[in-house]
Amino acid sequence: MAPKYSAGVSNPAVRLVAIQDTPLSVDDVLKSLDDDASGGLVVFVGRVRDHDHGKGVTGLSYSAHPSALDRLKDVCTRVAEEYDVTGVAAVHRVGDLAIGDLAVVVATTAGHRGSSFEASRALIDTLKAEVPIWKHQLFADGTDEWVGAP
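The sequence shown maps to residues 1 to 150 in this note's numbering.
Please note: incorrect hints may appear among the correct ones.
[Unchecked claim] Below, simulated DSS-like cross-link-like pairs (lysine-lysine); rule was C-alpha separation at most 30 Å, straight line:
no., residue 1, residue 2
1, Lys31, Lys128
2, Lys31, Lys73
3, Lys73, Lys128
Note that these hints are calculated values from the structure, not bench results. If you're wondering where the values come from, they're calculated on a predicted model, not measured in any experiment.
Working from the sequences, and respecting the hints, build out all of it.
Following this line, the structure appears as structure tokens:
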């Protein structure tokens, strides 16, 4: 799956929205938010960790519902409208990921750091709560678990 970048997002502050099966790039997110008006830039990077709830994790896979990109656009647009930001970006990985791989990168820019911190926190929290992307974790003991699936 090639990266799916946003189209049809009417808010100019929404700079990058993508769901992709290729490795994520923090540099791509930073480049999408580059502007001289922003004094604050906050980035959150979610990585695949080697444990969850006391169990060893050996890998995982993310699956996205066909509506996930549109839902992600909606979340980014709402954050752009509700917070005093100049830029919003969010990318999420799907497919098989190894320990240490980047799973999600979100970032916001604003005139000042406080607004950017608040908006970035809202962006990742709302993405996790509302965008239909599901995680299938594989554990070292041979068991597995779906997270976030309906």
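Do the hints match the structure? See the list:
| no. | hint | in the structure |
| --- | --- | --- |
| 1 | Lys31 x Lys128 | 24 Å, holds |
| 2 | Lys31 x Lys73 | 19 Å, holds |
| 3 | Lys73 x Lys128 | 13 Å, holds |
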